[in-house]
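Peer 1: I would like the entire structure built from these sequences, with the hints used as guidance.
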Amino acid sequence: MVTESHLPILQIIVPLVAAPLCVFLRQKTIVWAFALIVSWITLAIAIINLRCVLDQGVLSYALGSWVAPWGIEIRIDVVNAYILLLIAIIGAVILLYAPSSIYNEIPSDSHNLFYSAYLLCLTGLLGITATGDAFNLFVFLEISSLASYALISMGKDRCALMAAYQYLVLGTIGATFILIGIGFMYMMTGTLNMADLATQLESVKNTLTIITAFAFLSVGISLKLALFPLHMWLPNAYVYAPSVVTAFLAATATKVSIYVLLRFIFTLFGTDFSFETLRLDAIILPLALIGIFVGSIIAVFQNNIKRMLAYSSVAQIGYMILGISFVSLNGLTGGIVHLFNHALMKGALFLIMGGIAMRIGSVNLNDMRGLGKRMPVTMAGFILGGLSLIGVPLTVGFISKWYLVLAAIEKGMWLVAILILLGSLIAVIYIWRVIEVAYFQENELGEEREIKELPLTMQIAIWLLIVSTIIFGIFTPLTLGIANKAASLLLGVSL
Amino acid sequence: MNPSYITLVAVLIPLIGTPFIVLLNKRPNYREAVTLLAGVILFLVVLSLVPIILDGDRPEIVLIKIMPGLSLAFKVEPLGLLFALIASGLWTITSVYAIGYMRGHQEENQTRFYFFFAVAISVTIGVAFSANLLTLFIFYELLTLSTFPLVTHHGSKKAIRGGLVYLGILMGTSIVFLLLAIVWTWHLTGTLDFIPGGILTGKASKGVIFVLFMLYVFGTGKAALMPFHRWLPAAMVAPTPVSALLHAVAVVKAGVFTVMKVVVYIFGLDLLAITDISTWLIYVAAATILIASLVALTKDNLKARLAYSTISQLSYIILGAALANSWGVIGGSMHIVTHAFGKITLFFCAGAILVASHKTEISDMKGIGLKMPFTMGAFLIGSLSIIGLPPFGGAWSKWYLVLGSLEGGHYLAVMVIILSSLLNIAYLLPVVVNAFFIPEENIKSSIEFKEAPLNCLIPLLLTALGCIILFIYSDPILELTLKIGGH
Chain F
1 MVTESHLPIL QIIVPLVAAP LCVFLRQKTI VWAFALIVSW ITLAIAIINL
51 RCVLDQGVLS YALGSWVAPW GIEIRIDVVN AYILLLIAII GAVILLYAPS
101 SIYNEIPSDS HNLFYSAYLL CLTGLLGITA TGDAFNLFVF LEISSLASYA
151 LISMGKDRCA LMAAYQYLVL GTIGATFILI GIGFMYMMTG TLNMADLATQ
201 LESVKNTLTI ITAFAFLSVG ISLKLALFPL HMWLPNAYVY APSVVTAFLA
251 ATATKVSIYV LLRFIFTLFG TDFSFETLRL DAIILPLALI GIFVGSIIAV
301 FQNNIKRMLA YSSVAQIGYM ILGISFVSLN GLTGGIVHLF NHALMKGALF
351 LIMGGIAMRI GSVNLNDMRG LGKRMPVTMA GFILGGLSLI GVPLTVGFIS
401 KWYLVLAAIE KGMWLVAILI LLGSLIAVIY IWRVIEVAYF QENELGEERE
451 IKELPLTMQI AIWLLIVSTI IFGIFTPLTL GIANKAASLL LGVSL
Chain Y
1001 MNPSYITLVA VLIPLIGTPF IVLLNKRPNY REAVTLLAGV ILFLVVLSLV
1051 PIILDGDRPE IVLIKIMPGL SLAFKVEPLG LLFALIASGL WTITSVYAIG
1101 YMRGHQEENQ TRFYFFFAVA ISVTIGVAFS ANLLTLFIFY ELLTLSTFPL
1151 VTHHGSKKAI RGGLVYLGIL MGTSIVFLLL AIVWTWHLTG TLDFIPGGIL
1201 TGKASKGVIF VLFMLYVFGT GKAALMPFHR WLPAAMVAPT PVSALLHAVA
1251 VVKAGVFTVM KVVVYIFGLD LLAITDISTW LIYVAAATIL IASLVALTKD
1301 NLKARLAYST ISQLSYIILG AALANSWGVI GGSMHIVTHA FGKITLFFCA
1351 GAILVASHKT EISDMKGIGL KMPFTMGAFL IGSLSIIGLP PFGGAWSKWY
1401 LVLGSLEGGH YLAVMVIILS SLLNIAYLLP VVVNAFFIPE ENIKSSIEFK
1451 EAPLNCLIPL LLTALGCIIL FIYSDPILEL TLKIGGH
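Taken in sequence, the protein lines are chains F and Y.
Those letters in the first sequence? Residues 1 to 495, by my numbering.
Those letters in the second sequence? Residues 1001 to 1487, by my numbering.
Since the hints were derived computationally from the structure, they do not count as laboratory data.
In this text, a Cβ means the ideal position worked out from N, Cα and C, and glycines have one as well.
Some clues are possibly wrong.
As the list claims (entries may be wrong) - Each computed DSSO-like pair below joins lysine-lysine, with the alpha-carbon atoms no more than 30 Å apart:
id : chain 1 : residue 1 : chain 2 : residue 2
1  : Y       : Lys1157   : F       : Lys452
2  : F       : Lys373    : Y       : Lys1158
3  : Y       : Lys1026   : F       : Lys452
4  : F       : Lys205    : F       : Lys485
Claimed, not checked - Chain Y regions said to be covered by chain F (calculated; three or more residues, Cβ under 8 Å):
id : stretch
5  : 1136-1146
6  : 1156-1170
7  : 1177-1184
Stated by the list, open to error - Negatives, chain Y to chain F, calculated, CB over 12 Å:
id : residue
8  : Val1040
9  : Ile1066
10 : Leu1072
11 : Val1211
12 : Asp1300
13 : Leu1423
Peer 2: Next up, the structure:
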């Protein structure tokens, strides 16, 4: 079928074409409905693509019929099909939640611009993930970054502008580093196609230029994925952005950057070069561990719960990078599955915070007294999401933690295994703080203002994610199974 | 019905009751009827498994493969069945008691109370029937979480602090030690199934097995082995039915049950006996027994005294496991049963005293026996059973524990058991003596009160009776314990 063979490109084209159209739809319900439909179509495409990849192996699409390595190739294997699915799920679910939430946060005459930027950001993230061309990847990176700066700056607080600016500066440095890295590689090999680069790099790997390229790329990507200590942009961006944007970026943007890291160090440079010649693991393993502890401990002391969750993200990114740094099948599986799992739980938790902000006008801990009684359904969601973050069995967090601990034990890294587990105890503390205030402290102001539960669309979005953190904690073939396949593909081992 | 499904049904029965409990929020009589009905059905269902197990059948069911090679599965074996019998049988009795207590004491949020109580029982049955360490761990953690709202039921500052200690120690030890041990075992053996004779033999060096053993024992915080016992007294802020069933039976027994299971089905008695790696545990358990008994002596609050007594008694079971011989296992397993009946009686009495007279301190209970003769009579029976005197159930378990200690040549353990029985007398009997023989002071200021409501009284008389029956008809239990470990 014709459309089926074009599906890889449709993944990107559909939201890309829809984004500018949003600008013309002035009526805010219509523009929302339009964006929603587009996002769900994107999700459907992602699902079909994943099924095709699982059946047939790699999908390759030559853009404009210019065959790779000369033309731009869209190349979807099990690794990026998995990430595409994640982005599409989050993108679709969050749009369901968006209208009620941005009603309070964004002036109604710029809703069309919001949806346009949102779809552009979605396009960029999908593009980065789907493309098989290194320069094209940079282009999509810029599309998604620029769109996300715009989205963050739409926050109600004036600090949002500053946060967006800070992110813009650091994000641009990161992107520039990535571009320099790609440039160096192009210089040495004369190709930009990633599959081609992987073979061409083989002969020039030990040159200083390629080592420099590797350095630029890994630092640049680490900045984008907020690896400690390059996470400085993240807390402010998450705190001041509109709630919808926070949830969307927290669940997707850093995850896509981790995908880029995986693609470059495993597929392009290869395991031997990255981890044996250059010993990348010796750098990222300690950084990941420090990130886990510093992020978690800072999170414990936050009064603003959005900021608390942001620092928790820094810690959770540490877990993903830790999984990668083991360079083993179980470790990489743990890192990749945690990438997926964390997106679900953190997306849900940020959506819940958005709902709370909408109802009580604050996300400060002190204002959440007695919230357990006043918004019981929403807070129940918070508890479940929090349990997942801790890694309690039957939630997705447990699956990730199991694989990470197993990988550490396999390597004989006892201390690391214990540190992983201690890290989850700190999560117990910061989740507990919220629960204590919400359930065990009375609201002093009394019931002056009736607090209603969230509207149905928001609840549906929140609970879709919360329920999936439990379902995927019990039925794991989809998340864990594919993560395992992806890990074995990246490591070049057969299952 | 296929026996495999019975195991699943047993776990589900209390859960099926929960939505009805919530829906009948406004009609307390019907709500409590649901709890009672679920309790009776559950007990009968578990009971129906007894002949199957005695025949040597081990019904099992695999529910879901959570991770490759790791599944959520149930399998009934004698030790688990014994635990499930105790938990389900005493749940029914405790429910009757809870109705009297919660209403008599005018507690708030009763629906929430019954809801989480039912969940906790369901999860306890899950622990009892788990077929592998992963399933056990899942239900172990769920038990902590589902009992947490019960511990913090009053919502006071003290309750929150108690809840925090509870959550902190139980989750802390289980995540850092127990989970590590389980993942490590999985790495070494490639299986987590409970298999008679153990799975670790020949899989690791003696040093590794020693460390693993320590991780398991201390990781099971619910067994309240010192120094991880603090959560148990802290949990006493909960309403008395919770202390009685959960913190004298379900939760703590889930802890010692886990230790017993790991000893018998993961390490295997032979491995422990040959490598001699469990001897240190005899000393730690002995120390816990003595120290906790001594602390109990100093407590004037009755529930606190009973809590420390529980810590001490749990270590008898740990001791039985650490002996690593079949008498030890039999004694320890029987102690799970006999201590359950004895201690729940004592807690029921403490709650009845609270409901009737609002007294919590032992020094205030002078002369109380004359006003509440049945309650204090039951207290005496429970005490004597805990002390281990015939004709009460506790005598048997101590008998077998002494036999096991002698067989292993651990004379120190024998001494500790004897010494600790004396200490039991010293901290339990004064309560009774106080109540019956010392006249009440300040007769003027005293408030008139009589026995607690029948709902409270009947259960505690039943469990006291149970202590006696356990002595006379101990054969069925002995028969079950003899089959532990596939013998």
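Peer 1: Each hint should be assessed against the structure and marked as holding or not.
Peer 2: For each hint, the structure was consulted:
1. Y:Lys1157 to F:Lys452: holds, 28 Å
2. F:Lys373 to Y:Lys1158: holds, 20 Å
3. Y:Lys1026 to F:Lys452: Given pair Lys1026 of chain Y, Lys452 of chain F holds - Cα atoms ~23 Å apart, limit 30 Å.
4. F:Lys205 to F:Lys485: Status holds; Cα separation ~27 Å.
5. 1136-1146: The restraint on the stretch 1136-1146 of chain Y holds, since 5 of its residues have a Cβ under 8 Å from chain F and three suffice.
6. 1156-1170: holds (count 4)
7. 1177-1184: holds (count 4)
8. Val1040: holds, 29 Å
9. Ile1066: Violated: least Cβ distance 6 Å, not greater than 12 Å.
10. Leu1072: violated, 8 Å
11. Val1211: The claim breaks: Val1211 of chain Y does not keep its Cβ more than 12 Å from every Cβ of chain F (closest is about 9 Å).
12. Asp1300: For Asp1300 of chain Y, whose nearest Cβ neighbour in chain F is about 28 Å away, the distance exceeds 12 Å, so it holds.
13. Leu1423: With a cut-off of 12 Å, Leu1423 of chain Y remains clear of chain F, as the shortest Cβ separation is near 35 Å.
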